[in-house]
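There are 2 protein chains.
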Amino acid sequence: MFVNKNFLSLKESYLFTEVVSRTEVYKKKNVGKEIINLGVGDVKKALPKVIIEAIKNAVDEMGDEKTFRGYSPETGYNFLKEEIIKNEYMNFEFDLDEIFISDGIAADIGNILDLFDKNNVVGICDPVYPEYLDTNVMDGREIIFLDCVAENNFCPEVENVKKKLDLIYICNPNNPTGIGMNKDKLQRWIDYANENQSVVLYDGAYEKFISHGNLDDNKNNIPHSVYELNGAKECAIEFRSFSKSAGFTGLRCGYTVVPKNLVREKINLNKLWTRRQCTKTNGVSYIVQRGAQAVFSSGGEKECMENIRYYMENAKIIFNGLKNIGFKVFGGQDAPYVWFEIPEKYSCWEWFDFLLNNFGIVGTPGIGFGKNGERYFRFSAFGKREDVLLGIDRLKRYI
Amino acid sequence: MFVNKNFLSLKESYLFTEVVSRTEVYKKKNVGKEIINLGVGDVKKALPKVIIEAIKNAVDEMGDEKTFRGYSPETGYNFLKEEIIKNEYMNFEFDLDEIFISDGIAADIGNILDLFDKNNVVGICDPVYPEYLDTNVMDGREIIFLDCVAENNFCPEVENVKKKLDLIYICNPNNPTGIGMNKDKLQRWIDYANENQSVVLYDGAYEKFISHGNLDDNKNNIPHSVYELNGAKECAIEFRSFSKSAGFTGLRCGYTVVPKNLVREKINLNKLWTRRQCTKTNGVSYIVQRGAQAVFSSGGEKECMENIRYYMENAKIIFNGLKNIGFKVFGGQDAPYVWFEIPEKYSCWEWFDFLLNNFGIVGTPGIGFGKNGERYFRFSAFGKREDVLLGIDRLKRYI
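Each protein sequence line maps, in turn, to chains X and H.
The first sequence begins at 1 in my numbering and counts up one residue at a time.
The second sequence begins at 1001 in my numbering and counts up one residue at a time.
Keep in mind that a hint or two might mislead.
Within a straight-line C-alpha distance of at most 30 Å, the following computed DSS-like cross-link-like pairs (lysine-lysine) qualify [as the list claims (entries may be wrong)]:
1. X:K302 <-> X:K44
2. X:K302 <-> X:K11
3. X:K118 <-> H:K1163
4. H:K1384 <-> X:K56
5. X:K44 <-> X:K328
6. H:K1005 <-> X:K266
7. H:K1033 <-> H:K1049
8. H:K1302 <-> X:K56
9. H:K1066 <-> X:K56
10. H:K1056 <-> X:K45
11. H:K1011 <-> H:K1118
12. H:K1011 <-> X:K271
13. X:K384 <-> X:K56
14. H:K1033 <-> X:K233
15. X:K384 <-> H:K1056
16. H:K1260 <-> X:K28
17. X:K56 <-> H:K1028
18. X:K266 <-> H:K1045
19. X:K5 <-> H:K1233
20. H:K1033 <-> H:K1045
21. X:K56 <-> H:K1233
22. X:K66 <-> H:K1302
23. X:K302 <-> H:K1011
24. H:K1033 <-> H:K1384
25. H:K1066 <-> H:K1033
26. H:K1219 <-> H:K1323
27. H:K1316 <-> H:K1371
28. X:K118 <-> H:K1316
29. X:K5 <-> X:K27
30. X:K163 <-> H:K1005
31. X:K11 <-> H:K1056
32. H:K1044 <-> X:K384
33. X:K28 <-> X:K5
34. X:K185 <-> X:K266
35. X:K27 <-> X:K56
36. X:K66 <-> H:K1028
One-sided and incomplete, this derived list gives chain X residues near chain H with beta-carbon spacing under 10 Å [stated by the list, open to error]:
37. M62
38. V149
39. N152
The hints are simulated quantities; they were obtained by calculation from the structure and are not laboratory data.
Backbone N, C-alpha and C fix where the C-beta goes; we use that ideal spot for every residue, glycine too.
Using the sequences and the hints, build the whole thing.
Right under this line is the structure:
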């Protein structure tokens, strides 16, 4: 009996688990002291009323034998897929069977690796959301890191790739830097993928937070969807979620687009993913899918946008606050994350402990997202306004 | 770029997809004709009221900023784990971190394979629920089939194993045969696993339907949990679900028990599974977990048991009906499935078409569960009473 020993190559604990555990230690030592959490990127605003009503109606259906629903279609209900195509992909002509409802990006972006051989070479941004790296370590694939540093505006350049990449992760706008890759640069990645028969795994978790979208100038335009790029249907899988855009982190719903045009080694990846999902899942909760459908109602869209504007106002307050204190600050305009340089005398986790112990502020160490994050720190804008204001106010004492 | 070519070794379509598609063809040709569905094992009764109320209360919490919940713990909320330990594993002394809340068995029993090397040899019952086979084919593992035939009462015997097995799937009571393996026989499998350092993957989806449980006679006693067996904590992972027992097929909730005593190659599998789940999932929907918690309330338990009795009464009607018509019939006493021999002149799918075209009855071909199923057919007892009665009545014309 052989255990998958690739697990032994993983770092012992997952970034956010470590953040939580250090915070718990502090709390036990400092009972009664108020903590300002700008760490884990989790939403705080209540769910919009129209979503609440939609879910409750669906729950009532489940309580009546005449309207009860058992197994949902493994790839999701058409009522939700139709709204997604109509509202999110209007100009891209996707069929219903190219949209796969999921319980969030975390599951799908890990599980998609089932489709790919262990011998592929994987390109992963550094820094970025740690799941891409960890799930590939579990499978034992070779990883090539793509530097995201101040010199390239934290967006990797395809021209610097030294080894042929088979799988390329792009999180756009990027978590943790909060910076979006412009259409010009992204097009070069798409062209690379098509020339080299690579597959782009495109994480669009934060696309609703983009402020520089739909611009004519491709050097400033941050695409909302990878399918705005020429040739993307032939090389890219897009992952989306209602988590951050509609407050679904606790409800669990997202979707994945696998275009039928995406063919590698003469194998249609849409067909493979369909087979994987129909075998290894039994679909997403019906009542949650009804909630997601309500996101696209006029009331749902309005309330969700209000919440997004609220969080982006937080981001602005954090960005300007840190800048005025004297930090070098990045991001915060196209995603709800602010990325800033830490003072030279601290290591990344030392800075974490310093902020926690002296200001009661929890942030996320950049090093948790990759080695290029060592000199940086992430603040999330998902907090409550009063916490954000109080946090910045406390930090002024740092000067 | 290399696709995982193990997918090409899978049969083109999944069993239940084929059943649905043949049924759709029939429906289009026979508009207005009523179909009696004894095929896919999906529940029909409405959710108990106390569960409905619990979910609606949780939804209301999500609509209020003061009680809103974001990300749930990746392995599930303690409020649900505590109920599971108290009600399902009272005598087994499990800790909270040995229970993992899932969105159903389908996901976890497929995903658990992440922990195991591709070079393990896998023992799978024939016939059985097809996911075990398909997910291992996707990974390219060697499969050894364990014969479940009339001669061994459809429960495989460890004494007949010809090659050392590393992973052993046991679905108890078994789907599709509806037959439970007794404690005596199962103990020999557990002993084998401990002697050979194998891991038993124990699917207990139907344990609530067992009528021969808690007996002193180990030749007749069907265990509710694998942990009733000596040494099971050292070798077995148990998968459970609220799907069939509480009508959650559309809601999605289950749980997996990975004991901390389960160590292979000096590696603790509980720790590995925790790492896998914390990386590749973001937990199960909060509102669904609240619904699952209500399953254990006195009202919830009562209503769920009433539904189970209703389905098992269906099973009895199907069993006796088929027997009186003259079929050789099995199962139906410890699981909501009845398994019967088909007439010699038909192949399995021919019999499917014959039943559909002549009686408007949909069942599931035994061959879909393995080659030993070729001469058998499965009827599910999850239908409505009137459909079950009508179906048996129509079949009387077969004589």
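Here is how each hint holds up against the structure:
1. At roughly 17 Å between alpha-carbon atoms, X:K302 and X:K44 fall within 30 Å of each other, so this suggested pair holds.
2. Proximity of X:K302 to X:K11 is assessed by CA-CA distance (about 42 Å); at most 30 Å being required, the pair is judged violated.
3. Restraint check: the Cα-Cα separation between X:K118 and H:K1163 comes to about 27 Å, which is no more than 30 Å; the hinted pair holds.
4. Of the pairs offered as hints, the one joining H:K1384 and X:K56 holds, with about 26 Å between alpha carbons and a cut-off of 30 Å not exceeded.
5. In summary, the hint linking X:K44 to X:K328 is supported, as the alpha carbons are separated by about 27 Å, within the 30 Å threshold.
6. About 11 Å separates the Cα atoms of H:K1005 and X:K266, which keeps this hinted pair within 30 Å; it holds.
7. Taking the CA atoms of H:K1033 and H:K1049, the gap is near 33 Å; set against the 30 Å cutoff, the hint is violated.
8. Under the criterion of a C-alpha separation no larger than 30 Å, the hint pairing H:K1302 with X:K56 is consistent with the structure, at around 24 Å.
9. Our distance criterion of 30 Å between C-alpha atoms is met by H:K1066 and X:K56, whose separation comes to about 19 Å.
10. Pair hint H:K1056 plus X:K45 holds up; C-alpha atoms about 19 Å apart against a cutoff of 30 Å.
11. This hinted pair checks out: H:K1011 and H:K1118 have alpha carbons roughly 20 Å apart, not beyond 30 Å.
12. Restraint check for H:K1011 and X:K271: the C-alpha separation of about 13 Å stays at or below 30 Å, so the hint holds.
13. Between X:K384 and X:K56 the CA atoms are separated by roughly 27 Å; this keeps the pair inside 30 Å, and the hint holds.
14. The straight-line distance between the Cα atoms of H:K1033 and X:K233 is roughly 43 Å, outside the 30 Å bound, and the hint therefore fails.
15. Using a Cα cut-off of 30 Å, the hinted pair X:K384 and H:K1056 holds, with the two alpha carbons roughly 26 Å apart.
16. Taking the CA atoms of H:K1260 and X:K28, the gap is near 27 Å; set against the 30 Å cutoff, the hint holds.
17. Of the supplied pair hints, the one linking X:K56 and H:K1028 is violated, its CA atoms being roughly 34 Å apart against a limit of 30 Å.
18. As the CA atoms of X:K266 and H:K1045 are separated by approximately 45 Å, the hinted pair breaks the 30 Å bound.
19. Of the pairs offered as hints, the one joining X:K5 and H:K1233 holds, with about 22 Å between alpha carbons and a cut-off of 30 Å not exceeded.
20. Proximity of H:K1033 to H:K1045 is assessed by CA-CA distance (about 23 Å); at most 30 Å being required, the pair is judged to hold.
21. Distance hint between X:K56 and H:K1233 is unfulfilled; the C-alpha atoms sit about 40 Å from each other, more than 30 Å.
22. Taking the CA atoms of X:K66 and H:K1302, the gap is near 21 Å; set against the 30 Å cutoff, the hint holds.
23. Simply put, X:K302 and H:K1011 have alpha-carbon atoms about 46 Å apart, too far for the 30 Å limit, and the pair is violated.
24. Proposed proximity of H:K1033 and H:K1384 is supported: the alpha carbons are some 17 Å apart, at most 30 Å.
25. Between the alpha carbons of H:K1066 and H:K1033 the distance comes to roughly 53 Å, so the proposed pair goes past 30 Å and is violated.
26. Distance check on the hinted pair: H:K1219 and H:K1323 sit about 25 Å apart at the alpha-carbon level, within 30 Å; holds.
27. Pair hint H:K1316 plus H:K1371 holds up; C-alpha atoms about 26 Å apart against a cutoff of 30 Å.
28. Restraint check for X:K118 and H:K1316: the C-alpha separation of about 49 Å exceeds 30 Å, so the hint is violated.
29. For the suggested pair X:K5 and X:K27, the alpha carbons sit about 36 Å apart, so the restraint of at most 30 Å is broken.
30. For a cut-off of 30 Å, the pair hint linking X:K163 to H:K1005 stands: about 24 Å separates their Cα positions.
31. Proximity of X:K11 to H:K1056 is assessed by CA-CA distance (about 40 Å); at most 30 Å being required, the pair is judged violated.
32. Distance restraint check for H:K1044 and X:K384: the Cα-Cα separation of roughly 44 Å exceeds the 30 Å cut-off, and the hinted pair is therefore not satisfied.
33. Note on X:K28 and X:K5: the hinted pairing is violated, with a Cα-Cα distance of about 36 Å set against a maximum of 30 Å.
34. A distance of roughly 28 Å separates the Cα atoms of X:K185 and X:K266; the hinted pair therefore holds under the 30 Å criterion.
35. Taken as a hint, the X:K27 and X:K56 pair is broken in the structure, with Cα atoms around 37 Å apart against an allowance of 30 Å.
36. Taken as a hint, the X:K66 and H:K1028 pair is honoured in the structure, with Cα atoms around 23 Å apart against an allowance of 30 Å.
37. Here the hint on X:M62 is kept, as its CB sits about 5 Å from the closest CB of chain H, short of 10 Å.
38. Interface hint status for X:V149: violated, as the beta-carbon distance to the closest one in chain H is roughly 26 Å, over 10 Å.
39. For X:N152, the suggested interface contact is broken, since its CB lies about 25 Å from the closest CB of chain H, more than 10 Å.
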